[in-house]
Amino acid sequence: MDIKAKVIDSVGLDRTTTRLAHEIIEHNKGSENIVLLGMRTRGEFLANRIQEKIGAIENKKPELGILDATLYRDDFRTRLKQPEVSVTDISFDLTEKDVILIDDVLYTGRTVRAALDAIMDLGRPNTIQFCVLVDRGHREMPITADYVGKNIPTSINEEVKVKMTEIDNEDAVYLIETEND
Amino acid sequence: MSLSSNHLLGLHEVPKEDIQLILDTAKTFREVLERPIKKVPTLQGKTILNLFYENSTRTRLSFELAEKRLSADTMNFTKSGSSAAKGESFKDTVLNIEAMKVDMIVVRHESAGIPKYLTQISDANIINAGDGRHEHPTQALLDMYSIREKTGKLEGLKVCIVGDIAHSRVALSNIYGLQAMGAHVSVCGPSTMIPWELESLGVKIYNNIDIAMAENDVLNVLRIQLERDAGGLIPSVREYHNYFGITTDRIAENNPDILIMHPGPINRGVELSSEVADGTSQIILNQVTNGVAIRMAVLYLLGTRAE
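As you go down the protein sequences, you meet chains A and B in turn. Counting in this note's numbering, the first sequence tops out at residue 181, every number present. Counting in this note's numbering, the second sequence tops out at residue 488, every number present.
Okay, chain B solo, but in the shape it has when bound (with noise of 0.2 Å):
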C-alpha cells in the first residue's frame, strides 16, 4: 500500500484509503514512542527543510520531533533572522535552498496556495503544515487519530467544530477528513464567524452551543484567534465565554459523555473554562502525543513513497 500522492497539501479529495493507510501508519510510530530508545533509521539520509513563514510551536517542534525520530536530517527556516528580511522573493528563498538539495518541505505560510506553488517550483516533497485560512492537514489526521483511538471508531459519529471556523484552516482540514472518513460533521460558533457556504459542504450549522453538546458525540473546540482579529467579530471576550465557552457546568447538563478536543494553543476561560481544560472529558494533551506518531507516519509514507 502506497499514498496515491507525492505530497500532502491538504484533505481535500483525498482518498479514504490514503487517510486509512496514515492512521493505521500512525499506530506503529505510536509504538515507537512508547519505546526506551524512541528513534528508528528509516530516513537515514534524508534531508527535510522545516520552511516556516508563520509563528509555530507546537506543529514546528512537532515535525521537528518526528524528523529526527525518523533518522533524517532537517534544516529549519524562520522568516525573522533570514534573507526575507532583506526582500529575497519566496521563490529565490526556496531554489536557493533546494541548491543545497533537500528531499522533503515543510512548509507553514500566511498565504493559501502556498504549498501547491512550491509543488511546482521544487523537487521535494510537500507537507503542508498550514496555509493561511486554507488547510492544515496533519491536525486534521491527529484529530482524527486521536477520536478513532478514544472512541475506537470515526464512521457514523458526530463531530462538532466549536469557534471562529471562518478564520481556522484546521476547521476545514477537519472537515473534509472526517467527510471522507464517514463522520458527520457539524460547526458552532457566532454568525460572525461561520461561514455560510459550508451548508454547501453538508456540514450542520449550530448557533447554540447547548443544542451542539447535545446532540454529538465530540466537540473539537478551536482557539479564538485574537492575533488575527477575531476580536471584531465578537462583542468580548466575556461575552464570548458566556455563549460558547464550554465549562463543566454545561457538560454536566447536556452530554456528560461528550469529548472534548483543542488543538491549542488554549486561551483559558475563553473558549474552555480551566476546569474542562484540566478535565476527564478532554484528551488535549493525547493529541499533542499522536501528532508527533501522525507526522511519522506521513513523513515515512511520503519519504520512502517507491518511484
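So that you can see chain A by itself, here it is in the shape it has in the complex (with noise of 0.2 Å):
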C-alpha cells in the first residue's frame, strides 16, 4: 500500500466540517428539528464534530447517536470475514425528526442501504440526510449524499483512507494505491 496524496490536511479538515455544519443549518432552516446519526466507527468522530459546530453556530447542540448497521449488511453470505457488530447508541426518538446520517466515506452505497433500513426499524423520521466527509464514486446503489465535504474520484485500486485524531492521532485524508491482484 503507498500513498498517493494526502488529499486533506487538518486545517482542511476543521474548514470542511465547518463548512459542513453551515450547510446542514442553511438547508433545515436551523437546527430545531436536526439530530445526528454518526455510523461507526469514524461517522461517530465526525458526527462529534459537526455537533460541536452547529452548537457553536446555533448556540444549541443537536442530540447526537450512534449507528451500527452491521446487523442490516447484505454481504454476510459472500464475505471472507466475518464483520464485528457493536452497539447502536441512541437514547432519543427519531418519529418526526430530521435525521443527519454522517459517515466519512460514500463509496458503493451498501452500508448507507444498510443505515436506512436500521433507521426506518427505530421509528419515523421526517427525513433522513446524508452528510460524507469523502465522496469518492464507484456507486452500485441509486444513493447520493446531501452534503459532501469533498468528491474525490478514484480508480478501482485506490482507497480513501480517512484518519482521525480521536483514533488515529492525526486528522487527515490519504489517497492510497493498493496493491493488484
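Among these hints, one or two may not hold up.
[Said to hold, decoys possible] As a list, the in silico BS3-like pairs of lysine-lysine whose alpha-carbon atoms are at most 25 Å apart:
(1) Lys260(B) <-> Lys97(A)
(2) Lys385(B) <-> Lys208(B)
(3) Lys29(A) <-> Lys150(A)
(4) Lys97(A) <-> Lys220(B)
(5) Lys4(A) <-> Lys163(A)
(6) Lys29(A) <-> Lys81(A)
(7) Lys97(A) <-> Lys53(A)
(8) Lys197(B) <-> Lys81(A)
(9) Lys81(A) <-> Lys272(B)
(10) Lys249(B) <-> Lys220(B)
(11) Lys163(A) <-> Lys6(A)
(12) Lys219(B) <-> Lys249(B)
(13) Lys97(A) <-> Lys61(A)
(14) Lys260(B) <-> Lys272(B)
(15) Lys208(B) <-> Lys81(A)
It should be emphasised that the hints constitute simulated quantities derived from the structure, not laboratory data.
Bring the two chains, given one by one in their own frames, into a single complex with the hints.
What follows is the structure, given as C-alpha cells:
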C-alpha cells in the first residue's frame, strides 16, 4: 500500500466540517428539529465535530446518536471475514425528526442502504439526509449524499483513508494505492 | 473475530476468547431487544430446526424468539405427536428433516452426547439446548452475561451453585464457563446430590448453605428436579428447604449483598422462599431477557461464520 496523496490536511478538515455544519443548518432553516446519527466508527467522530460546530453557531447542540448497521448488511454470505458487531447507541426518539446520517466515506452505497433500513426500524423520521466527508464514486446503489465534504474521483485500485485524531493520532485524508491482484 | 467452532456443543474446553466474543456480541442484541421494532434481517433465508425430544418452555421459546428476531425461518419438532412415536429412529428422523434443507439445528435430548452425534450425521450448525445430565451451554452463557451485567466482572468472582448438582447440566456448563472466565466456582447441597469427582475440577464443595452464602458473591440456585427422582435423594422437600432453602433471613444474616440467580422453573418454598424469588437480591427475570440476547448472539456468530 502506497500513499499517493494527502488530499485533506488537518486545517482543511476543520474548514470542511465547518462548511458542512453551515450547510446542514442552512438547508434545514436552523437546527431545531435536527438530530445527528454517526455511523461507526469514523462517522461517529465526524458527527461529534459537526455537533460541536452546529452548537457553536446555533448556541444549542443537536442530539447525537451512534448507529451500527452491521446486522443489516447484505454481504454475510459472500464475505471471507465475519464482521464485528457493536452496539447502536441512540437515546432519543427519531420520529418526526430530521435525521442527519453522517459517515466518513461514500463508496458503493451499500452501507448507507443498510443504515436506512436500520433507521426505519428505530422510528419514522421526517427526513433522512446523508452527510459524508469524502465521496469517492463507484456507486452500486441509487444513493447520493446531501452534503459532501469533498468529491475525490478514484480508481478501483485506490482507497480513501480517513484519519481522525480520536483514534488515528492525526486529522487527514489520504489517497492510497492498493496492490493489484 | 469468529468463533473457533461451527457448533456449540458445550462449554468444556471452549476457549476464553469464544466465551468473551459471545458475551460481547450479546450486548449488541440486548440493545436490539429494547428497540420499537425488535427484529433485524441478519439471518434472512436461513432455516433453523428446533429439535426438542424433551419438555421445555423457557429454552424453546427463547430460542424460537431469538431465531425470529434474526429473521430466520424456523421449524419446530417435538417428540410427542411426531413419527418418533411410530418408532422411527433418531438418525432417520434427523436425516429426513435435513433432506428438507436446514442450516442450523437446536437440539434438546434426554441422552448426553446427542448433539455431538448430530455433528457426525448432519452438515448443519448444531447448538446444544440441553443433553441429559451433560451440558446446557446457552443457559450458562446467559448466567455469566447476567452476572457480568450486574457486577461488571467475572474474573475473581466467587460463584456457588446450590442444589442438585449431580442431576444438573446447568451446573456443569456453568463450572466450565465460569472457570474459563477466571471465576472461582463452588457447589453446595446435600451429599447425595453432589458428585465428589467435582473436586478434581477444582470446585470447592460446601454442605452448609450458611457458610456458602457468607463466602460467595453469587448464588446460582438450581431447581430440585422432582421429575428426575430427586425425591429419592432427600428425605423430604420440607427438610431440604429447612437445610438448603434460601430465605430473606438467611440473606440478612449471612450476606446481605449476595446476588441470587435461578434458571427456572422455580419451586417456590423449596429452593427459594417466595419472598426471595420476588425480592431485591434476585435477577431471575433479567436472566430470561438476557437469554434471548445470548441465543441471538450464538445463532448470529454460528450462522454468519465465514467458511
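Now the hints, each set against the structure:
1. Lys260(B) <-> Lys97(A): 51 Å, violated
2. Lys385(B) <-> Lys208(B): Violated, because 31 Å separates the two Cα atoms, which is more than 25 Å.
3. Lys29(A) <-> Lys150(A): 23 Å, holds
4. Lys97(A) <-> Lys220(B): Holds. Lys97(A) to Lys220(B) sits at ~22 Å (cutoff 25 Å).
5. Lys4(A) <-> Lys163(A): 15 Å, holds
6. Lys29(A) <-> Lys81(A): 43 Å, violated
7. Lys97(A) <-> Lys53(A): Holds, because 19 Å separates the two Cα atoms, which is no more than 25 Å.
8. Lys197(B) <-> Lys81(A): Between Lys197(B) and Lys81(A) the Cα gap is close to 20 Å, so the pair holds against 25 Å.
9. Lys81(A) <-> Lys272(B): Roughly 33 Å between the alpha carbons, so the hint for Lys81(A) and Lys272(B) is violated.
10. Lys249(B) <-> Lys220(B): Holds, at about 7 Å.
11. Lys163(A) <-> Lys6(A): It holds: about 11 Å lies between the C-alpha atoms, which stays within 25 Å.
12. Lys219(B) <-> Lys249(B): 10 Å, holds
13. Lys97(A) <-> Lys61(A): 15 Å, holds
14. Lys260(B) <-> Lys272(B): 14 Å, holds
15. Lys208(B) <-> Lys81(A): With Cα atoms ~21 Å apart, Lys208(B) and Lys81(A) stay inside 25 Å; holds.
Of the hints listed earlier, those the structure fails to meet are numbers 1, 2, 6 and 9, in rising order.
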